[in-house]
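> The residues making up each chain are set out below.
2 protein chains.
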Amino acid sequence: MFAPVDPDKLRLALEAIFGSRRVSLRLLDRQTYARDMWPRLLLARRQGEAPAHVPNAVVWPEHVREVAAVVKLARELRVPVIPYGGGSGVCGGVIPLFGGITIDLKRMRELRSVSGEDLICDVDAGMNGERFERELAHRGYTFGHFPSSIYCSTVGGWLATRAAGQLSTKYGKVEDRAAGLTVVTGKGEIIETDGPNRALRGPNWTQLLVGSEGTLGIITSARLRVAPAPQLRVYRGFELPDVATGIIALRRVLQRGLRPAVLRLYDELDTFLASMGHKSDKESDEDTARYAGASAATGDFASAPLPPVDGGALPSWPVPEPSERGGWMSRLVTLARDEGARKRLMKSASRAAQNAALSRGSMANRLFGAAATTAHRGCRLIVGLEGSRIRTEVEAQLTFAELEAAGAKDRGEEPGLAWLAHRYAVSYRMSPIFRDGAFVDTMEVASSWDRLLDLYHAVRGALAPHAVVMAHLSHAYADGCSIYFTFAASVEGARNAERVYDAIWKDGMEAATRVGGTISHHHGVGLLKAPYMAAEHREAMAIFRGAKAALDPDGILNPGKMGLVASRKEAP
Amino acid sequence: MFAPVDPDKLRLALEAIFGSRRVSLRLLDRQTYARDMWPRLLLARRQGEAPAHVPNAVVWPEHVREVAAVVKLARELRVPVIPYGGGSGVCGGVIPLFGGITIDLKRMRELRSVSGEDLICDVDAGMNGERFERELAHRGYTFGHFPSSIYCSTVGGWLATRAAGQLSTKYGKVEDRAAGLTVVTGKGEIIETDGPNRALRGPNWTQLLVGSEGTLGIITSARLRVAPAPQLRVYRGFELPDVATGIIALRRVLQRGLRPAVLRLYDELDTFLASMGHKSDKESDEDTARYAGASAATGDFASAPLPPVDGGALPSWPVPEPSERGGWMSRLVTLARDEGARKRLMKSASRAAQNAALSRGSMANRLFGAAATTAHRGCRLIVGLEGSRIRTEVEAQLTFAELEAAGAKDRGEEPGLAWLAHRYAVSYRMSPIFRDGAFVDTMEVASSWDRLLDLYHAVRGALAPHAVVMAHLSHAYADGCSIYFTFAASVEGARNAERVYDAIWKDGMEAATRVGGTISHHHGVGLLKAPYMAAEHREAMAIFRGAKAALDPDGILNPGKMGLVASRKEAP
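Top line first, the protein sequences correspond to chains A and B. The first sequence maps to residues 1 to 572 in the numbering used here. The second sequence maps to residues 1001 to 1572 in the numbering used here.
Honestly, the hints are just simulated from the structure, not real lab data. Honestly, I wouldn't trust all of these hints.
Calculated cross-link-like contacts (lysine to aspartate or glutamate; reagent style DMTMM-like; alpha-carbon spacing at most 20 angstroms) [claimed, not checked]:
1) K1009/B / E1066/B
2) K1187/B / E539/A
3) K1187/B / D1554/B
4) K72/A / E15/A
5) K72/A / D6/A
6) K72/A / E1539/B
7) K1072/B / E1015/B
8) K1072/B / E539/A
9) K106/A / D29/A
10) K506/A / D454/A
11) K106/A / E49/A
12) K187/A / E1539/B
Values in this document were obtained by computation on a predicted structure and should not be read as measured data.
In isolation and in its complexed conformation, chain A is listed as follows (with noise of 0.2 angstroms):
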């Protein structure tokens, strides 16, 4: 299938189109370029494993056209061609599985323009995700983009994996925002789909594209939708008596019409370990003080005339550090470790609740009836909201009213707050965990409403025989929602480890296909999901296999990707 590496040579021909300083063939290079933060990568790692596949080469173009010459190059030489961004992945998707060219976009990040008129803005794919924001927020824009990799993730990335950010419920999600592509193809063809127009005739091909993962094409830039900054940004935490309740209430939200930036569903178990902390957490709260201060200033502001959408300064975000707490992750694999706790938790769950528990047989399950029961805290709901002053102050009132009507309960503006000072903390609790021998990873389904508690439901059950589960519903729309699922194990031995792993993503992946919902929502399928395409996808695979036979004949696209095959010219 792929024509064996003479490094010499490879190294020749690379240095004649990028000069020796953005070529590597550098073991160390190569090995860090052979991962993402796929956790299953994590537990080899941790073992002190040397990745099994790494690329021959890493290069770092600084323009269209170079990325375009080492495709021509790898298909004359019929290598892989790997796209990387920020490397924050989750599943696989970077892995060179076949070896080849890992093309590190991070030097192309540059924002081209920001079109006032238009609403749109010309950004490179390598842009790094929070500078990206920061630069529209001085230009009085935003792009509306925060996924809690926003910190170590690239604009391409986003766009590759048809990524969410935590404010997707007002603003889409990427490919929503997404009016226009700069590819290169297989072929190391460059091809512009659609422009800054609302050019829809025919086929969209911009779709085509965003979320292909670069198994069709590299992006190297993108024109994009870009939002005024918002005047007033209001926050506010409810509470739900059960998951179900909840989702009535989320629904009816949505199905109105309203759309606000945040509206986040914890379950029980995610609520009460969540709110253990919240008491005990000094620095919790002065954070939370701090950022109840920023909401005030912007508050301030939105008394302030309305400047002109095409100029004009409006405050940016206010950008966290990252937070080395989120204490609940923490609690999470206590609990996953520690039969001890386990077990005090337990007893702390009145009679019933225990008996009703220990009749359902799993681990996971006992623990979610008895913290459910013991706290009577049900769930937790985060509520927020921004835009221009007005709408946005009826859309909280019709919101908030909507929600009650539904049974929501109102905890005041604080749990808001303390939920937009620690957004982005769980993406920096991880690597410690895996040091101490646990691990910890997220599943993002989604459903049409109908099937939603039972999506919740079949996952749960699914991975609670081999973890501590915990889940929030975030990221709704009209016609159904996703859910996020934390788990947390402890298994000794990097084997055993691996073989937990490798069932909890069999099992729950399809427990969600069963049920109709979706194997991904917004963290892409890469390595991870790749065997379960095909169930999801059925009959459409044929399309995905005809796009990429026409857009990379050779198959030198991320290969070993998404469920495609890894070659088309594969030996028997």
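Given chain A, put chain B in place with the hints provided.
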């Protein structure tokens, strides 16, 4: 390329699939299905000419399996298949250039299900547009798609052409409401692209197939997003001094995040012709009064309690009878035909306007100048909002305030209600005009805001030497807007008329492309705009060709349309 057809053999093979009653090889049927509402075809028809291209047979499937079977048969026989909906297309998209089998989908017309829980319906492609909306209205929902062809177009036709309805500024174009499709490919495979889930993992097959006009697959049913029927409807007229000011006003509204359902800005000539008619047209006034009543009834309803979104009936959209009025089009044609009328109009213009207008050198520009200056009416703007009561009230106030801040003068409710009453009238005025020897057509283009005024002047300037031309701007987005030109000419002799008609389109399309506009916004491409596809899409046509090769390897699906080569197996 395609094989010669033996009619007897074809009949036998088709009857094996459809029985004898749902197959026709009669000449009358074949001629009927040889055309759509493309005005160029009407020019030939008024001379009594038979269609140049007719299908070999017409079939009426009732199930997706029959569609798959006939496609497989066509592939075997090497003859084209052309899907056919309402026949209301205006670009010649259904002309059987190479004969073959025309598949009329109108017997597949069931509204299979409506899920109030997910706000999703499942509907067959052949469902008539007006019936679809009426059936949804009875259940308390709306699809929100109201093209002027609604009485004679189908859901499948909308999807195949990426259509837009009159309320698209609120509800989106049809592609924005498509969650998933069932499609038969050129291999006869039945593919479902996505479902009712927000399952946008991986590339989006739905958006590849929407707008492909039968060249990549035959859409047989669709999962579409519906909305709760509106509780309140607010219509109003405004007046702007000129198009340039109007564009700024529209942009301000959209970029503030406001989404009125209707936002239509008429240029000076369009405004003038409409106002001429309005004063003298008693019937029109009666109609307005009738719809003012309808609106009042809706107003009453606004104070009724909010019914549950997942059930309960709301009053249906007041559907008017097709009207044979719509006097402005007659007046436009009169101006195109009658030099005396043009002179009288000129005479009523001021001396300064006459001098200024005459110096520009084209009939249409002279008329435009004279009409605008004489009437001092500026540009009419129709604004309509609908939705839930409180939000619509707030959105209306904010929209009106934004318009007034941009220089618009409020002209009260009456012009808005008059528009509402006559909004479908235009489509039913075309045939009589052609019978009388003139022709009229529309050209809809789009661009980002920064190019929109250039686009208006460039296309109007390109059309003006050939025809009387007027325009309105509608279908606005945060990043741009479409312009809808209407032009009329009266040319002696069918061949001469065709020559002028072709020159208009060539000059108009080239002008649009030159200033960075699109060649279409919602009428599609078909045969009419096929020659201009390559100039607009450039390298991206490689993706289209690739998708075509994958989904229709023998090129039997609607060959010769949309700028694709007629057949991959074309003989030299």
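> Now tell me, hint by hint, if it's right for this structure.
Verification of the hints:
As the CA atoms of K1009/B and E1066/B are separated by approximately 18 angstroms, the hinted pair is consistent with the 20 angstroms bound. Under the criterion of a C-alpha separation no larger than 20 angstroms, the hint pairing K1187/B with E539/A is consistent with the structure, at around 12 angstroms. At most 20 angstroms may separate the alpha-carbon atoms for a hinted pair to count; K1187/B and D1554/B meet this at roughly 8 angstroms. Among the hinted pairs, K72/A with E15/A is consistent with the structure: their alpha-carbon atoms are about 14 angstroms apart, no more than 20 angstroms.
In summary, the hint linking K72/A to D6/A is supported, as the alpha carbons are separated by about 17 angstroms, within the 20 angstroms threshold. This hinted pair checks out: K72/A and E1539/B have alpha carbons roughly 17 angstroms apart, not beyond 20 angstroms. This hinted pair checks out: K1072/B and E1015/B have alpha carbons roughly 14 angstroms apart, not beyond 20 angstroms. Of the supplied pair hints, the one linking K1072/B and E539/A holds, its CA atoms being roughly 16 angstroms apart against a limit of 20 angstroms.
Straight-line distance between C-alpha atoms of K106/A and D29/A comes to about 15 angstroms, which keeps the hinted pair within the 20 angstroms bound. With a C-alpha separation of about 18 angstroms, the suggested pairing of K506/A with D454/A holds against the 20 angstroms cut-off. The suggested pairing of K106/A with E49/A is violated, with an alpha-carbon distance near 27 angstroms, which exceeds 20 angstroms. Distance check on the hinted pair: K187/A and E1539/B sit about 12 angstroms apart at the alpha-carbon level, within 20 angstroms; holds.
Hint compliance for this structure: hint 11 alone is broken.
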